[in-house]
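One line per chain: the protein sequences are A and B, in this order.
Residue numbers for the first sequence, in our numbering: 1 to 494.
Residue numbers for the second sequence, in our numbering: 1 to 309.
Source of the hints: derived by calculation from the structure; they are not laboratory data.
Mixed in with the good hints there might be a few duds.
To be clear about the criterion: a stretch of chain A counts as covered by chain B if any three or more of its residues have a C-beta under 8 Å from a C-beta of chain B, and this derived list gives those stretches [stated by the list, open to error]:
1) 128 to 135
2) 194 to 208
3) 230 to 243
4) 408 to 417
Counterexamples of contact, computed for chain B against chain A with all Cβ distances above 10 Å [said to hold, decoys possible]:
5) Pro-26
6) Asp-27
7) Phe-34
8) Leu-35
9) Ser-146
10) Pro-166
11) Leu-224
12) Arg-231
13) Gly-239
14) Gly-262
15) Gly-293
16) Ala-298
17) Ile-300
Values in this document were obtained by computation on a predicted structure and should not be read as measured data.
Idealized CB from N, CA, C, for every residue including glycine.
Residues per chain are reported as follows:
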Amino acid sequence: MGQRRREAAVPSPPGNRHSDMLTVAPQVPAKKHNICMVSDFFYPNMGGVESHIYQLSQCLIEKGHKVVIATHAYGTRKGVRYLTNGLKVYYLPLQVMYNQSTSTTCFHSLPLLRSVFTRERITLVHAHSSFSAMAHDALFHAKTMGLNTVFTDHSLFGFADVSSVLTNKLLTVSLCDTNHIVCVSYTSKENTVLRAALNPEIVSVIPNAVDPTDFTPDPSQRHDDRITIVVVSRLVYRKGIDLLGGIIPDLCLKHPDLHFLIGGEGPKRIVLEEVREKYQLHDRVRLLGALEHKDVRRVLVQGHIFLNTSLTEAFCMAIVEGASCGLQVVSTRVGGIPEVLPEDLITLCDPTVRSLCEGLENVIARQRSGSVASPASIHAKVCTLYTWRNVAERTEKVYDRVAGQEVLPLDRRLVRLTTHCGHVAGSLFAFVAVLDFLFLLFLRWLFPDHLMDVAMDTTGPQGLWRGALDDRKGTRSKSAMLKNEKAGPHQTKL
Amino acid sequence: MGADSGAGPGPSVPWRKVLWERQPFPDNYVDRRFLEELRRNEDLRQYRYWAVVREAGLVAQQITCVALFVTLWLYMEQGLLSPATLLWTGLLCALLGYGLYQALAPQADSDNQQRTRWSDLQSAAIFLSFTFGFSPVLRTLTESVSTDTVYAMTALMLLAHLVAFPYAQPSPPGSLSLNAALFASVCLASRLPGDRHIPGGAHSPSSSLHTFTMLCWALLVFALWPCLRQRLRERAPSGFGCVCVLMGMCGVVGLGSLWPGGAVLLAAALGAVTLLCPLLLIRLQSDKDNIQGPWDEAEIREDLARFLH
């Protein structure tokens, strides 16, 4: 039945009403997809995954695809909401368990997700983040319903401890019959291939992007009588805040004109406060607390050097944002970070206090001698490196490839699960897959597909948001999105 | 920049592991250098059999301690040993052990020994007087609880003691394991026959003496002996081995005198823990497959607390 829906979804002529906006105009009438992005993490939650889903969806809408997003309800934000350009978001009433991730029982989300997939005539389910239980649930149900699946992994994971052994097993089960996987860096690809025992051919590397218009330099905001080091990150262990606590007193002692500007909030704030207290650096180390996304640039442009002390990072958008604002970037050499910026834009150090101090001192010396590139020239270099349009183009190719592949029917899916995921987990999840299939049959009997209302398309070839889209052409900033959402109270009960 | 593979023969430029450059390869391209930074079993420790046996001996020792304690309780429960005899033996053992402990003390802290002895005496006096004073209370503490529950609780607590015991740093024994053991001893002490045999009833001194004896021995076996054993291990490794074997044999023989089946089980357990498990560990070592790579979270190896204190 997934087959039938896919044929129905193929549009006749591709909507090329805004091909002028594309960097590369599609020459062949490309196939348009009905895509459902699923993740536990979406606005109003803030972070890399959230903005990735949002920006990618906007660019795909721009390319004429139909995109809807499914996430769980955030407080009073539940039901259906429309964001900029008619991006429809389903906030499903699923119970949140830990860290904004829903719990997973493999079954309870099927009725809701099935009704979203069926009503929206989805042909392709794109799940995001391995920490999101809802994403894994959606993959599982989509495969049961015969839909093509794509998964994007945004994070790195180790292999050494019990929790990672279990998570990696779940990832193996979840990804063994997923059509294609996207990773944000080559290191992340190696990690995911190893964790989920995948064929590397079905894993593509498509980096994250930043909106360069959001991060432009403004040297007039800098104080020329001092050197300011900016840190913008959550203040947690994984971001290496303990290292930062070691760097601050060391460097402040050596350089009396050095100032630190630290944006972000988290449990490790206490470390920085103690350091500030002990070394009497209240006037030189400013802790700004949690920053809203729109304030990040205002903080970044005040600095000369951007410091990132992360202990693990799949891609690290923060250093690209820092460089885009024209700052000298100093970072630890961990995870995918060495792949992100060319050598002349970044100084890489080992994750130790000494190495980071050396790296910073080199950059400080260069800054004093005036031998660093101007912020404008750094911005000019960075702004072409990572764009969302490029990401969307490459993701579109993944979709085109996946759409031509077959979804494993139940019998072959069971064989795949039992041969690929080990005897115990494989058999267990094969059993769960059968139950899920039976549950789906029951739901189809209870609420037949042909009796379900088909939702209006706001986006895609038959999208009804046309007028609004033309009005707001090219405005994809988050503030515009939030404004639009407040203005348009399109909300229906699920 | 295609997403599909099958781009034909590889382009002349070599692939680089960078994201900032648009390379003429498909996004799912797999280079020869894929996973070249993968490292396997980097911090692998090669174990030697007898070294592991020596370490595993500590676990066997603690099992023996539990067995000895239960044997003592059995003896008292069946009226084969009077609490007074046991108390005197205990005192003797404690004094002998204390002497040995002091004799084996490292030379460095010999200068402040006078003060230590005085404080040792103080702690001993406080403990003894408090335990003696509270014995009647402790004896009746679990009176209203059914005997089955008390035995089950004892077994659970002794198991908890074995699991929570800090084998890597046994001196002083961790508070969780010590508390579990003392709780078990209070449970056991309340089921000693004292007040049921003597018609005097609940205030019979012999029953309280039973409890007192039991607690003293619990302290000897579960708190003081591990400290002495650790010092023996540090200062006289050869003597330590002999003591271990001797203790194991004492445990088996003592239990065997009352319950031969239990002794066989104990001997089997001790043998399995000291001889079989190390063998298994070394055998399974070849199956170890630990992978490391650039995706691992970096470890902070420095002592960063120095910046704060």
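Let me make sure I understand: some of the numbered hints might not hold for this structure. Which ones are they, in numerical order?
1, 4, 5, 6, 7, 8, 15, 16 and 17
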